[in-house]
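Asks: Let chain F serve as the given structure and place chains Z, R and G on it in line with the hints.
Protein chains: 4
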Amino acid sequence: MFTIELKVRDYECDLQGVVNNARYLHYMEHARHEFLQARGIDFAALAAEGVDLMLTRVEVDYRRPLRPGDVFTVSVRVERVSRLKVCFVQEIRRADGELMASGRNYGVAVRNGRPFRHVPLLALSEA
Amino acid sequence: MFTIELKVRDYECDLQGVVNNARYLHYMEHARHEFLQARGIDFAALAAEGVDLMLTRVEVDYRRPLRPGDVFTVSVRVERVSRLKVCFVQEIRRADGELMASGRNYGVAVRNGRPFRHVPLLALSEA
Amino acid sequence: MFTIELKVRDYECDLQGVVNNARYLHYMEHARHEFLQARGIDFAALAAEGVDLMLTRVEVDYRRPLRPGDVFTVSVRVERVSRLKVCFVQEIRRADGELMASGRNYGVAVRNGRPFRHVPLLALSEA
Amino acid sequence: MFTIELKVRDYECDLQGVVNNARYLHYMEHARHEFLQARGIDFAALAAEGVDLMLTRVEVDYRRPLRPGDVFTVSVRVERVSRLKVCFVQEIRRADGELMASGRNYGVAVRNGRPFRHVPLLALSEA
Numbered sequence: 814m815f816t817i818e819l820k821v822r823d824y825e826c827d828l829q830g831v832v833n834n835a836r837y838l839h840y841m842e843h844a845r846h847e848f849l850q851a852r853g854i855d856f857a858a859l860a861a862e863g864v865d866l867m868l869t870r871v872e873v874d875y876r877r878p879l880r881p882g883d884v885f886t887v888s889v890r891v892e893r894v895s896r897l898k899v900c901f902v903q904e905i906r907r908a909d910g911e912l913m914a915s916g917r918n919y920g921v922a923v924r925n926g927r928p929f930r931h932v933p934l935l936a937l938s939e940a
Numbered sequence: 814m815f816t817i818e819l820k821v822r823d824y825e826c827d828l829q830g831v832v833n834n835a836r837y838l839h840y841m842e843h844a845r846h847e848f849l850q851a852r853g854i855d856f857a858a859l860a861a862e863g864v865d866l867m868l869t870r871v872e873v874d875y876r877r878p879l880r881p882g883d884v885f886t887v888s889v890r891v892e893r894v895s896r897l898k899v900c901f902v903q904e905i906r907r908a909d910g911e912l913m914a915s916g917r918n919y920g921v922a923v924r925n926g927r928p929f930r931h932v933p934l935l936a937l938s939e940a
Numbered sequence: 814m815f816t817i818e819l820k821v822r823d824y825e826c827d828l829q830g831v832v833n834n835a836r837y838l839h840y841m842e843h844a845r846h847e848f849l850q851a852r853g854i855d856f857a858a859l860a861a862e863g864v865d866l867m868l869t870r871v872e873v874d875y876r877r878p879l880r881p882g883d884v885f886t887v888s889v890r891v892e893r894v895s896r897l898k899v900c901f902v903q904e905i906r907r908a909d910g911e912l913m914a915s916g917r918n919y920g921v922a923v924r925n926g927r928p929f930r931h932v933p934l935l936a937l938s939e940a
Numbered sequence: 814m815f816t817i818e819l820k821v822r823d824y825e826c827d828l829q830g831v832v833n834n835a836r837y838l839h840y841m842e843h844a845r846h847e848f849l850q851a852r853g854i855d856f857a858a859l860a861a862e863g864v865d866l867m868l869t870r871v872e873v874d875y876r877r878p879l880r881p882g883d884v885f886t887v888s889v890r891v892e893r894v895s896r897l898k899v900c901f902v903q904e905i906r907r908a909d910g911e912l913m914a915s916g917r918n919y920g921v922a923v924r925n926g927r928p929f930r931h932v933p934l935l936a937l938s939e940a
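Protein chains in written order, with our numbering: chain F, 814 to 940; chain Z, 814 to 940; chain R, 814 to 940; chain G, 814 to 940.
Just chain F, with the same shape it has in the complex:
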């Protein structure tokens, strides 16, 4: 499975002293883009050409809060869910293996405001 390792940055924590809920989406986005890059799909280059990889839905379960100094991994696995859409199945685990959050994040490729069959994206799914 594709995995990146990150470390909590203090500014990512909010006044409760733990990582803010929206940051988990940032972590997962960064892992997806690194994964796409490793598979030859460049998010920024596509955007410059008018092809936008966009989320249609996110589902995130928060299990335990990430705290200042925590080192963690973010994983990415892709499932095909329809003719146009994929689901990025993602987990955030602390360095000790503890599951901190898990996500099912659905995405499509969009050109001129319309979803279309972006073959490299759809080919990422294992099935």
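Simulated from the structure, these hints should not be mistaken for lab results.
You can trust all of the hints, since none of them are fake.
Any copy, or any two copies together, can satisfy a pair, since identical chains are not distinguished.
For lysine to aspartate or glutamate, the following DMTMM-like pairs were computed, each having C-alpha atoms within a straight-line distance of at most 25 angstroms:
(1) Lys-898 <-> Asp-855
(2) Lys-820 <-> Glu-862
(3) Lys-820 <-> Asp-865
(4) Lys-820 <-> Asp-855
(5) Lys-820 <-> Asp-883
(6) Lys-898 <-> Glu-847
(7) Lys-898 <-> Asp-874
Replies: Frame of chain F, contents of chains Z, R and G only:
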């Protein structure tokens, strides 16, 4: 229904030129906290006392992208889902009424690392 | 003087319980872009045409920390500092008038990687 | 000199397609906190004890924009500037050595709303 009005700030947009997906969680969080404040529940004051209102799960559907200059509303409605947990049902609508995103965001109150029955939170649900 | 009013959002605060230092740059940027818009200069539309309004330097003095719930204003005034460059002189004041932060933020217009004389930008200065 | 290596995350870029100006403050903050940690000063632990390390002023010169995919380093060096205050002298360099931004960021330790002589902080300066 409780509603706040906001305007997209350019720095909230990413290299695709539209509001980044994680920002919608920020918009929804801000609306929730304003809603809680209006009901006499102060998120920051509670955190300072050791009571953390935390999300356990978010589900967000992205319908249409918010763009630079867009004015929009974020609404909040509360459903009770278990003895300890509530669901904040939220919509983001552009000023012309178009639905941009909707969310079902589940929360609990936590003290000493454990969810507990925070009566004012649970009393927010309409039912 | 051009001024906008904002309110601290809880997610803008960090683990010290006050607004994080980088957020003040966001507040000042948003005020500048609203100011530019009011003067007929559209930051996002220019970027889409290949004209980037960019900062070359920021100087920010932090006087007192903004806290959860604070309402504040951000002002903008423009000074011409060279043939190509302007300085946005900005203040952040809490609703009670207290000065929280002040900034001198220098900007130029860039096209094809080079600063150029963008007449509407340069005409913003009062002198 | 103390240095950390980071990589631009796409969400840190704004609609101009380059890293947003406020993000440089985040990069510099993260480098400072890692530096402090390496010297035995824990920013988050201090905040929990009521000691806040706070910036009083930042000066950042933006030389060249960081772009999606860029790998870069952030350095930290400390100068003593008064009885209570230090200056973090920081540089952001792209992996090829190009200087992207430099900062002079002034900080003090604050307890009960007042700056005080925090000996470990003041001892960080080389002089």
